[in-house]
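These protein sequence lines are chains Z and V, in that order. Residue numbers for the first sequence, in our numbering: 1 to 209. Residue numbers for the second sequence, in our numbering: 1001 to 1328.
Everything labelled a hint here was simulated from the structure, so no lab data went into it. There's no promise every hint is true.
[Unchecked claim] Across the chosen pairs, the derived CB separations fall in these ranges:
1. Z:206 x V:1145: 44 to 50 Å
2. Z:125 x V:1062: 36 to 42 Å
3. Z:120 x V:1215: 44 to 50 Å
[Said to hold, decoys possible] Some chain V residues flagged as far from chain Z (calculated, every beta-carbon gap over 12 Å):
4. 1123
5. 1127
6. 1145
7. 1222
8. 1250
9. 1273
10. 1299
11. 1302
[As the list claims (entries may be wrong)] Partial selection, computed: residues in chain Z whose CB lies under 10 Å from chain V:
12. 96
13. 115
14. 155
15. 162
16. 178
17. 179
All C-beta atoms in this analysis are idealised placements derived from N, C-alpha and C, irrespective of residue type, glycine included.
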Amino acid sequence: MKPADELTRREFVGVTAVAATLSDAVANAATGPTPPNVHYSLIINGQTHEFDLDPRVTLLDLLRERLHLTGTKKGCDHGQCGACTVLIGGVRVISCLTLAVTQDGARVTTIEGMAANGVLHPMQAAFIEHDGFQCGFCTSGQICSAVAMLSEWGSGMPSALSPGGSAGELNDAEIRERMAGNICRCGAYPNIVAAIREVQQSTAAERAK
Amino acid sequence: MRPFAYSSPGDVAEAIASGGETGAKFLGGGTNLLDLMKMGVENPAHLIAIGRLPLAGIEEKADGIRIGAMAKNSEVAAHPLVAQRYPLLSQALLSGASPQIRNMATVGGNLLQRTRCFYFYDPSYKECNKRSPGSGCAAIHGYNRIHAILGASDRCIATNPSDMAVALTALDARIIVRGAQRERSIPIHAFYRLPGDTPEIENELRPGELITAVELPPQPAGRRSYYLKVRDRNSFAFALVSVAAMVEMGDNNRMREARIALGGVAHKPWRVAEAEEILRGREPGEAVFQQAAAILLKGSKPHRYNGFKVELARRATVRALLSASENG
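In isolation and in its complexed conformation, chain Z is listed as follows (with noise of 0.2 Å):
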């Protein structure tokens, strides 16, 4: 292991996470045995991945520890801020309150899943075209979330403000409240309002081509 201040925060954070797990361990030892891994498939980002895994992990702790994508944040870690916002089947959720064995067979898009070919995703280019982020550590969700939306939007799901169902146009109070699970603490919020209604518009452009 090399000294402590050669370390990246990457290799730092996974030394402890392991020493987390080994104290978990032994916590849970006076709880009785473990029960039995349980086997299990998932197609991450367009490739499919086989697991043999203890039934607790989460679909987040999956991501970012067992396949290294750590696009994909972990924050409250109780389903109150969104950074850890991924797709399933194009829906979006919150991985953290995600049992990874659930979705056995399911297809997972994460922030990683989203350029192709080398080309950014039209929503990450205007998040940085908007400077939608300060730390960056929402922005993962954020984009996830907000590619999730517009279809959603597309499909005529209705919201709060708009019970009746998606119509007309997506104006910023509705991108507010659509985004409502997604927390900015460093509140980029006009910027990110501003990133999702330029991508809405393109697209809509687009289409009347």
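With the hints as your guide, set chain V onto chain Z.
Below, chain V without anything else, positioned relative to chain Z:
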């Protein structure tokens, strides 16, 4: 999280058989149960994932509609049968949680999310009769701003956070449950319990019983409804107070029937028959709605920090009824 055995049965009978085992819990969308397991509040020995069961359909019946217990909150809110005939339910669902959670949370799971407060959620507080029966209630002497003003006991003052259940209560929904022996249909008002001496028991489900569906009676013509939710922020927050209001208009601008259910004020959605009866045959208007609100809130018992809820609930009730009656 404590270790648990995991299974994912493919048919209802198999799920119910496993559900009867000591320590077994059904897992729907997981948005409340998994969170409580992370906190060490729920510790099932066996988790039975019911996502493979064929219980997600929403269908029309001769006498109303039937919503499968595994239908997602977002699917129910968007379904034409619900959005067009029971807009109160769509509105309530859309005011709850976040879009991601609505995409995961199921109807059955929404009904069974724990009636709770932050003392219940945090095991570092030793006192909680709901979490550890007989240990006391930290909320009664603590920071009880979000807590109950009606129907509480000296054992528990937590509130049921479901918006959906408030609308379903106003709509006279029935909860369909299946056990090893038979299927039962329970009216929602009889499904939930007040805390009394046993706040740890929140509903009438028996061990092993599984919610399979929710049924809604037909909607007569002339019904107007409104769901009003008052909370600390604009979206993604529990109600301080919510109101499901419905009026059915008859001849001469007189109400044939009215229904009012309150959320955020009690251990279960709060409905009082007398408050609705005085509206029958009357014209909609602020004065008569004030009378109804006064009856609805009779016996309110606020605590140190939630006295504001009594006035808030009164005003919200009047406003929701006015909005419903203008919602032609």
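Going through the hints against the structure:
no., hint, in the structure
1, Z:206 x V:1145: 44 to 50 Å, "holds (49 Å)"
2, Z:125 x V:1062: 36 to 42 Å, "violated (53 Å)"
3, Z:120 x V:1215: 44 to 50 Å, "holds (48 Å)"
4, 1123, "holds (14 Å)"
5, 1127, "holds (22 Å)"
6, 1145, "holds (18 Å)"
7, 1222, "holds (19 Å)"
8, 1250, "holds (26 Å)"
9, 1273, "holds (28 Å)"
10, 1299, "holds (32 Å)"
11, 1302, "holds (27 Å)"
12, 96, "holds (8 Å)"
13, 115, "violated (22 Å)"
14, 155, "holds (9 Å)"
15, 162, "holds (9 Å)"
16, 178, "holds (6 Å)"
17, 179, "holds (8 Å)"
The structure does not agree with the numbered hints 2, 13 stated previously, though it agrees with the rest.
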